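There are 2 protein chains.
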Amino acid sequence: MLATILHKPGDIRCEEIADPKILQPTDAIIKLSASCICGSDLWPYRGLQPVDRPMHMGHEYCGVVVEIGAEVRTVRPGQFVVGSFCISDNTCPHCRFGFQSSCVQREFMSGAQAPYARVPLADGTLVATAEVPSADLVPDLLAVSDVLGTGWYAADAAEVREGSTVVVVGDGAVGLMGVLAAKEMGAERIVAMSRHESRQKLAREFGATDIVAERGEEGVARVKDLTGGVGADSVLECVGTMESFDQALACSRPGGTIGYVGVPHGVNFDGQRLFFGQKRMLGGPAPVRRFLPDLMDRVLKGKIKPGKVFDLQLPLAEVADGYCAMDERRAIKVLLRV
Amino acid sequence: MLATILHKPGDIRCEEIADPKILQPTDAIIKLSASCICGSDLWPYRGLQPVDRPMHMGHEYCGVVVEIGAEVRTVRPGQFVVGSFCISDNTCPHCRFGFQSSCVQREFMSGAQAPYARVPLADGTLVATAEVPSADLVPDLLAVSDVLGTGWYAADAAEVREGSTVVVVGDGAVGLMGVLAAKEMGAERIVAMSRHESRQKLAREFGATDIVAERGEEGVARVKDLTGGVGADSVLECVGTMESFDQALACSRPGGTIGYVGVPHGVNFDGQRLFFGQKRMLGGPAPVRRFLPDLMDRVLKGKIKPGKVFDLQLPLAEVADGYCAMDERRAIKVLLRV
Chain P
1 MLATILHKPG DIRCEEIADP KILQPTDAII KLSASCICGS DLWPYRGLQP
51 VDRPMHMGHE YCGVVVEIGA EVRTVRPGQF VVGSFCISDN TCPHCRFGFQ
101 SSCVQREFMS GAQAPYARVP LADGTLVATA EVPSADLVPD LLAVSDVLGT
151 GWYAADAAEV REGSTVVVVG DGAVGLMGVL AAKEMGAERI VAMSRHESRQ
201 KLAREFGATD IVAERGEEGV ARVKDLTGGV GADSVLECVG TMESFDQALA
251 CSRPGGTIGY VGVPHGVNFD GQRLFFGQKR MLGGPAPVRR FLPDLMDRVL
301 KGKIKPGKVF DLQLPLAEVA DGYCAMDERR AIKVLLRV
Chain R
1 MLATILHKPG DIRCEEIADP KILQPTDAII KLSASCICGS DLWPYRGLQP
51 VDRPMHMGHE YCGVVVEIGA EVRTVRPGQF VVGSFCISDN TCPHCRFGFQ
101 SSCVQREFMS GAQAPYARVP LADGTLVATA EVPSADLVPD LLAVSDVLGT
151 GWYAADAAEV REGSTVVVVG DGAVGLMGVL AAKEMGAERI VAMSRHESRQ
201 KLAREFGATD IVAERGEEGV ARVKDLTGGV GADSVLECVG TMESFDQALA
251 CSRPGGTIGY VGVPHGVNFD GQRLFFGQKR MLGGPAPVRR FLPDLMDRVL
301 KGKIKPGKVF DLQLPLAEVA DGYCAMDERR AIKVLLRV
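Chains as they are written, first to last, in UniProt numbering: chain P, 1 to 338; chain R, 1 to 338.
Don't read these hints as lab results, they were simulated from the structure. Quantities reported herein were computed from a predicted structural model and do not represent experimental measurements. You may find that some hints are simply not true.
Counterexamples of contact, computed for chain R against chain P with all Cβ distances above 10 Å [unchecked claim]:
(1) L2
(2) L23
(3) E184
(4) M242
(5) G284
(6) P287
Incomplete in silico selection of chain R near chain P, CB under 8 Å [as the list claims (entries may be wrong)]:
(7) A250
(8) P254
(9) L282
Just some of the chain R residues that point at chain P, by a computed CB distance under 8 Å [stated by the list, open to error]:
(10) T74
(11) P77
(12) G78
(13) H94
(14) F108
(15) V230
(16) V267
(17) N268
(18) F269
(19) L274
(20) R280
Cβ atoms here follow ideal geometry from the backbone N, Cα and C, with glycine treated the same way.
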C-alpha cells in the first residue's frame with residue numbers, strides 16, 4: 001500500500017510499503033475511511049523534533065475493521081470504529097480514572113496516513129458505531145480521533161462550566177475545536193485569540209462570542225477589557241510555545257484554570273511566577289478515549305460538525321502538498337482521501 | 001511596645017517601638033492574644049530572601065479589637081477576632097471567587113510579633129467570634145490565621161475528597177496541618193513524608209495513616225508500593241524547594257492533583273515534563289479568609305486541635321531563641337506570649 005513516510009525534516013513522501021499485519025493477538029487492522037494531518041506532525045516536519053529514522057506518519061483515524069487478533073472481543077470485522085491517537089488498554093488504574101493517555105500500556109498511534117493501519121490494544125482503544133455511518137459524517141468522526149478530542153480535553157481540563165468566561169489561545173485546528181467544546185459545555189463568553197480572518201470566521205461559527213486579534217500585552221489588555229478587568233475563568237492553551245503560555249497565564253484570573261494541550265516546546269515556568277499567579281493548570285496528551293462515546297454520539301446525532309475544521313482535502317498521494325499547506329498556514333487542517 | 005525586628009539575616013531583635021495607630025479609616029488595632037513564628041519568616045532570617053531594611057516581623061494573629069477606624073462596620077472594640085495573613089477587602093471579584101489572597105487590594109500582614117498590631121481593611125480581613133473564647137483555645141485560633149489555613153488550602157487545592165489517597169510532602173507545621181485538613185476532608189489514606197520522630201508522632205495524631213521516612217527515588221518507590229503502583233490522588237507540597245516539587249510530581253498519579261503552598265525558592269518546571277506528567281496543579285498564598293468562618297467554628301466546637309502544632313512557647317522578649325529553635329528544627333512552631 002501507499003503510506004506516508006517522513007525521511008527528514010521537510011522530506012515527506014508517499015511510498016509503497018507492506019500492508020500492516022496483526023502482530024499481537026490484541027491488534028486490529030482497519031481500512032481507513034479517511035486520514036488527516038495533525039499540527040503536531042509539523043514539529044518533526046519543521047525539524048523542531050528530531051527525526052532519527054524514517055517516521056511512519058499519521059495518528060488520526062476512523063474506518064472499518066478488516067481483521068482482528070485472537071484476543072480481540074469488543075470489535076469485529078465490518079464494524080466502523082473510531083480510535084484515539086493514544087493507544088490504551090482502558091482497564092489499568094489510570095484508564096479507569098479517565099486518563100487513558102497515561103495508560104500503563106500507552107503507545108502513540110502511528111502509520112495512519114495510509115489506507116490501512118494496525119491498531120494495538122483494539123479492545124481498549126477502539127469504539128464502534130452501531131452501523132456504518134454515511135460518508136458525509138466521516139470528516140466529523142475522523143476529527144473526534146484527535147483534534148476534537150484534544151480541544152475537548154483542553155476545555156475539560158480548563159474546567160469550563162455553564163456560564164464560564166473562556167479564552168482560547170491559538171487559532172489552529174485544536175484551538176477551533178476548543179471553541180466548539182467550550183460552546184457545548186455551556187460557556188457564556190468565548191474569546192478566540194486569532195489574527196487570521198478565515199479562522200476568526202470559523203471560530204465564530206463554532207461559538208466564539210469575541211475575537212481578539214492582538215497578542216502579548218495588548219492582547220491581555222483586550223481580554224481584561226472584555227472581562228471587566230478580572231480575567232477569564234478558563235483558558236485553553238492550544239499552541240505550546242512560551243509566548244502562548246505567557247498569554248494564557250496573563251489572561252486567566254487568579255483561581256482560574258488553564259487547560260494546556262499544545263505540546264510544550266521551549267517552555268519553562270518559574271515556580272514563584274506560578275505560585276503568585278495562582279492559576280490551576282492541567283495539561284498533557286488528551287485522554288480522547290474518555291470522550292469518544294460522547295463525542296461520537298454528538299456527531300452521529302448531528303449536534304456538532306467538527307469536520308468543518310478540514311478546509312483542504314487531498315488524495316493521499318499528494319500528502320506532501322498537504323504538509324506544505326499546513327506549514328505555510330494556507331490550510332487549517334488537511335483531510336487525506338485514502 | 002516591644003516588637004520584633006529583623007535587621008539583617010540572623011539578626012532578630014525585640015525592640016521598643018511606637019504603638020500602632022489607625023492610619024486609614026478602614027483599619028483596626030488589635031491587642032494580640034498570642035503571636036507566633038512562621039516557617040516563611042525563616043527565608044529572610046536565613047538570608048534566602050533579601051532584607052533591604054529592618055523588617056517588622058509577624059503575620060499570624062488573633063486577639064481583641066481595641067480601636068477601629070471611622071469606616072469599619074463589621075467588628076467593634078471588645079470583640080475577639082482572627083484574621084488572615086493576607087489582607088483583603090473580601091468584596092472584589094477575586095475575593096468573591098474565593099481567592100482573597102489575590103485581592104485587588106491585597107497586602108501582606110506584618111508586625112504581628114508584638115502585643116498590638118494594625119490590621120488594614122478590617123471589615124474584609126477579620127472574623128469575630130460571638131464571645132471572647134477561653135484562653136486554652138487561643139493557640140488553636142491563632143493557628144487558623146495562617147498555618148492551618150495554609151495547610152487547609154493545600155488540601156483544598158489538591159482536591160482531597162472523601163476516600164482520597166493523599167501524600168503530604170514536608171513535615172513542617174504547614175505539612176502537619178495539611179495532614180489534619182486531609183483527615184477532616186475524609187481522605188482514606190494519608191501518607192506523611194517525614195524523617196523526624198516527633199513530627200511523625202504528631203502527623204499520626206493529626207490523621208496520617210502511613211509514614212514514609214525515605215526521600216527521592218526511594219521515597220517515591222515507597223509511595224508507589226503503598227498505592228498499588230498507582231500514585232496518590234492528591235499531593236500536598238508544603239516545602240517549596242525543587243527537591244520537594246520533584247517528590248510531589250513523582251508521587252502523584254496521572255490526573256492527580258498537587259496543591260502547593262510552600263513559597264517556591266529556586267524552583268523551575270520544564271513544560272514537557274509537566275505536560276507528559278499530566279498532573280493538575282494549583283498553588284499560591286492561601287486564601288485563608290475563605291476558610292476562616294469554617295475553621296474557627298471547628299475549633300470553637302472542639303472538633304480540631306491545630307494548636308498542638310506549637311511545641312514551644314516563649315515570651316515575646318525571647319523571640320530570637322524562637323527563631324533559632326525553628327531554624328535548627330528543634331521546634332516545629334513557636335508560640336509567642338505577648
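Evaluation of the provided hints:
1. Non-interface call for R/L2 relative to chain P: holds, since the shortest CB-CB distance, roughly 32 Å, exceeds 10 Å.
2. Taking the minimum C-beta to C-beta distance to chain P, about 26 Å, the non-interface status of R/L23 holds against the 10 Å cut.
3. For R/E184, the condition that its CB be more than 10 Å from all CB atoms of chain P holds, with the nearest at approximately 22 Å.
4. With a minimum CB-CB distance of about 8 Å to chain P, R/M242 fails to clear the 10 Å threshold, and the non-interface call is violated.
5. Interface exclusion of R/G284 from chain P breaks down, the closest Cβ pair being 3 Å apart, not more than 10 Å.
6. Not every C-beta of chain P lies more than 10 Å from that of R/P287, the closest at about 8 Å, which undercuts listing it as non-interface.
7. Residue-level restraint check for R/A250 is violated (minimum Cβ-Cβ distance to chain P is 14 Å; threshold 8 Å).
8. Taking 8 Å as the C-beta cut-off, the interface hint given for R/P254 holds, the closest approach to chain P being about 3 Å.
9. At a threshold of 8 Å, the smallest CB-CB gap from R/L282 to chain P is about 4 Å, leaving the interface hint in force.
10. Below 8 Å, beta-carbon pairs count as interface contacts, and R/T74 has none with chain P, the closest being about 24 Å; its hint is therefore violated.
11. Using the Cβ-Cβ criterion of 8 Å, the hint placing R/P77 at the interface with chain P is not satisfied: the shortest such distance is roughly 33 Å.
12. Because the beta carbon of R/G78 sits about 35 Å from the nearest beta carbon in chain P, more than 8 Å, this interface hint is broken.
13. The criterion of a C-beta within 8 Å of any C-beta in chain P is met by R/H94, whose closest approach is roughly 5 Å, and the hint holds.
14. Look at R/F108: its Cβ only gets to about 11 Å from chain P, farther than 8 Å, so that hint breaks.
15. At its closest, the beta carbon of R/V230 sits 5 Å from a beta carbon of chain P; the interface hint therefore holds under the 8 Å criterion.
16. Among the interface hints, the one on R/V267 holds; its C-beta lies about 3 Å from the nearest C-beta in chain P, closer than the 8 Å criterion.
17. Annotation: interface hint on R/N268 holds; nearest CB of chain P at approximately 6 Å, less than 8 Å.
18. This hint holds: R/F269 has a C-beta 4 Å from the nearest C-beta of chain P, less than the 8 Å allowed.
19. For R/L274, the interface hint holds, since its Cβ comes within 8 Å of a Cβ in chain P; the closest pair sits about 7 Å apart.
20. At its closest, the beta carbon of R/R280 sits 4 Å from a beta carbon of chain P; the interface hint therefore holds under the 8 Å criterion.
Going down the numbered hints, you'll see the structure goes against 4, 5, 6, 7, 10, 11, 12, 14, while the others check out.
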